[in-house]
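*Asks:* Here's the letter readout for the chains.
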Amino acid sequence: MSERTAVIASRVGLHARPAGIFVAAVSALPLEVTIAMQGEPADDAMDASSILSIMSLGAGNGDTVVLRAEGDGADDALDALVTLLETDLDAE
Amino acid sequence: METLSDNTFNGVGVSPGRIIGSVRQMPKPVSEPPVGERLTHDTPEAAVEALRAAAKSVQASLNDRAASASGAGREVLEATALMAADPMLIKAAVKLINGGASAERAIWDAAASVAEMLLNLGGYMAERATDIFDVRSRVVAELRGVPAPGIPLSDTPFVLVAEDLAPADTATLDPASVIALVTSSGGPQSHTAIIARALGLPAVVAAVGVTELEEGTLVYVDGAAGTITVDPGAAETEAAEAWLRTAAALADFDGNGRTLDGHLVPLLSNVGGAADAVKAAAAGAQGVGLLRTEFCFLDRDAEPTVDEQVAAYRGVFDAFPGKKVVLRTLDAGADKPLPFLTDASEPNPALGVRGYRTDFTSPGVLERQLSAVALAAEGSEADVWVMAPMISTAEEAGDFAALCAAAGLKTPGVMVEVPSAALTSEAILGRVAFVSLGTNDLTQYAMAADRQLGPLAALNTPWQPAVLQLVRITVAGSVAEGNGKPVGVCGEAAADPALAVVLVGLGVSTLSMTARALSAVGAVLASVTLEQAQNLAAVALAASSAAEARAAVRAGLPILDELGL
Numbered sequence: 400m401s402e403r404t405a406v407i408a409s410r411v412g413l414h415a416r417p418a419g420i421f422v423a424a425v426s427a428l429p430l431e432v433t434i435a436m437q438g439e440p441a442d443d444a445m446d447a448s449s450i451l452s453i454m455s456l457g458a459g460n461g462d463t464v465v466l467r468a469e470g471d472g473a474d475d476a477l478d479a480l481v482t483l484l485e486t487d488l489d490a491e
Numbered sequence: 004m005e006t007l008s009d010n011t012f013n014g015v016g017v018s019p020g021r022i023i024g025s026v027r028q029m030p031k032p033v034s035e036p037p038v039g040e041r042l043t044h045d046t047p048e049a050a051v052e053a054l055r056a057a058a059k060s061v062q063a064s065l066n067d068r069a070a071s072a073s074g075a076g077r078e079v080l081e082a083t084a085l086m087a088a089d090p091m092l093i094k095a096a097v098k099l100i101n102g103g104a105s106a107e108r109a110i111w112d113a114a115a116s117v118a119e120m121l122l123n124l125g126g127y128m129a130e131r132a133t134d135i136f137d138v139r140s141r142v143v144a145e146l147r148g149v150p151a152p153g154i155p156l157s158d159t160p161f162v163l164v165a166e167d168l169a170p171a172d173t174a175t176l177d178p179a180s181v182i183a184l185v186t187s188s189g190g191p192q193s194h195t196a197i198i199a200r201a202l203g204l205p206a207v208v209a210a211v212g213v214t215e216l217e218e219g220t221l222v223y224v225d226g227a228a229g230t231i232t233v234d235p236g237a238a239e240t241e242a243a244e245a246w247l248r249t250a251a252a253l254a255d256f257d258g259n260g261r262t263l264d265g266h267l268v269p270l271l272s273n274v275g276g277a278a279d280a281v282k283a284a285a286a287g288a289q290g291v292g293l294l295r296t297e298f299c300f301l302d303r304d305a306e307p308t309v310d311e312q313v314a315a316y317r318g319v320f321d322a323f324p325g326k327k328v329v330l331r332t333l334d335a336g337a338d339k340p341l342p343f344l345t346d347a348s349e350p351n352p353a354l355g356v357r358g359y360r361t362d363f364t365s366p367g368v369l370e371r372q373l374s375a376v377a378l379a380a381e382g383s384e385a386d387v388w389v390m391a392p393m394i395s396t397a398e399e400a401g402d403f404a405a406l407c408a409a410a411g412l413k414t415p416g417v418m419v420e421v422p423s424a425a426l427t428s429e430a431i432l433g434r435v436a437f438v439s440l441g442t443n444d445l446t447q448y449a450m451a452a453d454r455q456l457g458p459l460a461a462l463n464t465p466w467q468p469a470v471l472q473l474v475r476i477t478v479a480g481s482v483a484e485g486n487g488k489p490v491g492v493c494g495e496a497a498a499d500p501a502l503a504v505v506l507v508g509l510g511v512s513t514l515s516m517t518a519r520a521l522s523a524v525g526a527v528l529a530s531v532t533l534e535q536a537q538n539l540a541a542v543a544l545a546a547s548s549a550a551e552a553r554a555a556v557r558a559g560l561p562i563l564d565e566l567g568l
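These protein sequences, in sequence, are chains A and B. Per our numbering, the first sequence starts with residue 400, numbered consecutively. Per our numbering, the second sequence starts with residue 4, numbered consecutively.
Fair warning: there could be bad hints in the mix.
Just a sample of chain B residues kept apart from chain A, beta carbon distances all over 12 Å, derived [to be verified]:
| no. | residue |
| --- | --- |
| 1 | 90 |
| 2 | 262 |
| 3 | 368 |
| 4 | 422 |
| 5 | 544 |
Pair by pair, the computed Cβ-Cβ distance ranges are [unchecked claim]:
| no. | chain 1 | residue 1 | chain 2 | residue 2 | range |
| --- | --- | --- | --- | --- | --- |
| 6 | A | 472 | B | 281 | 35 to 41 Å |
| 7 | A | 461 | B | 409 | 28 to 34 Å |
| 8 | A | 479 | B | 176 | 58 to 64 Å |
| 9 | B | 456 | A | 431 | 51 to 57 Å |
| 10 | A | 431 | B | 215 | 46 to 52 Å |
| 11 | A | 471 | B | 308 | 21 to 27 Å |
No lab work stands behind these hints, which were simulated from the structure alone. Note that beta-carbon positions come from the ideal geometry of N, C-alpha and C, so glycine has one too.
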């Protein structure tokens, strides 16, 4: 299992447009990715391809989330997602 | 109202115009599947398959709509599209299906849980609950094989037919696409009527049976007569063409409201903000008879600052330098709730703490609004008058006048919409400078009939003799008070050219209406002398029913038929 942390950079936190962009990126991957707030047990992690799950996470600007995925290319995939989350997606 | 013959439907005409177009029915709102409904497909697998297919289909059509939208609208549609096939939502529904529920019931309950979760998160998330319900309706509609909710999309302009139309339905109404509005319920002061007049669309409400018309049926709609005729013939075609010519001629108001013999009746406009005000001024309005200040307060969870209010009001004042602008203080409550001011749990909101009464429960808001009005008026050249809504007694009128004086506002007035105010208008005018009749609510209260209920449409018309009597009594109070203080009308009644003549005949001094109605009212008023108007007013008062009053007055105004009004 690969794991990465990311600090949410978007001003509105991880909902609205930033959530949509993130979910689209996850859905394009052949892997299953989970997301959880830092400190929460891995068992409670949410499906990162579900916009409703992302929204229910309530991750705000500055919060740290943990991404997990398994399989070929998991490390690279997660790195790309971290970069996405740590960009202010509102600024575009 | 019943059908006269196989091919004519009769309703209440609420916005004039004669057009011919094809019927498109507003899809009926998606109803909840029976509680506890069990599997309706042969197997759970088949139900799951159907659900997934429906969700994907809804997602695809929302993405299509997103592609032709832009900005914030596009983003909302894209996010909603994602929700339609969201793994968490579908997973929850699948679980319910495997537990024995039907596909429709499963998505219904799964979406309800998600919506509840979002509502509990509050703020921005809670607002997305509406999107979940929208998605749910679409998926259920897809499963049932019925049209998706919302105004139908069409390449050609059409006549929109519905049971009734809510503000949410008409938010996306495009007058280039929809050429008339026809509903089987609703009343003359319902939302359909208001939006039709604001957009200048012919409209008929309370036309029983129209929702059974087949899609694509060609109809002739007469928004003044209140009729819908199926398969129009030569006479109707000619009338529709004549209307096009008249509409062009009625486009301009010369800015000088008067009767044939020169009795001046300033025609003012009802506006909801600076943009409205600018358009009204361009249309020739002689001032503003009703500035609804709610626009400043809606969609907020806290009171706007004095500075924000000053800027907003000044935007309106600046559109009418040297002219009268009558501002109505905050009218929250009933159909206009404000979370920080009104109580949504009241059992009878129309009879509740609304309008001026919110000063009892939330003191300070009104004072701040009045100081903002004074500041805005100082910096502009408009002649600013201020009035309070929902005033019931002379004592309240006196208190309001004192608040205005304390804020430095020179011309206080009150709205007459509660019947008690009409009946005690002499005492009220002893304390304020003017009154303005809010005929929409006055009719509702006088006739004890909810404005929004179709079955009560016949009661909810300002043509009711009792309502006309209240207007007469209000004017009589001004005469008795002895200072010639003006009694204006700012309700929808002023926009009806025939009623406008009656009101002038009853002694009303100014009429305020949606800017679109100015030229029609101006034209009809200019066709009669004051004495003729007074005679028609007497005819209306003597009638034994609203229908009789309206018919008798219209019979005395041949210009109406000439102009197709």
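*Asks:* Each hint should be assessed against the structure and marked as holding or not.
*Replies:* We went through each hint and held it up to the structure:
no.	hint	result
1	90	4 Å, violated
2	262	57 Å, holds
3	368	30 Å, holds
4	422	48 Å, holds
5	544	58 Å, holds
6	472/A <-> 281/B: 35 to 41 Å	59 Å, violated
7	461/A <-> 409/B: 28 to 34 Å	47 Å, violated
8	479/A <-> 176/B: 58 to 64 Å	43 Å, violated
9	456/B <-> 431/A: 51 to 57 Å	53 Å, holds
10	431/A <-> 215/B: 46 to 52 Å	51 Å, holds
11	471/A <-> 308/B: 21 to 27 Å	57 Å, violated
Of the numbered hints stated above, those contradicted by the structure are hints 1, 6, 7, 8 and 11, listed in ascending order.
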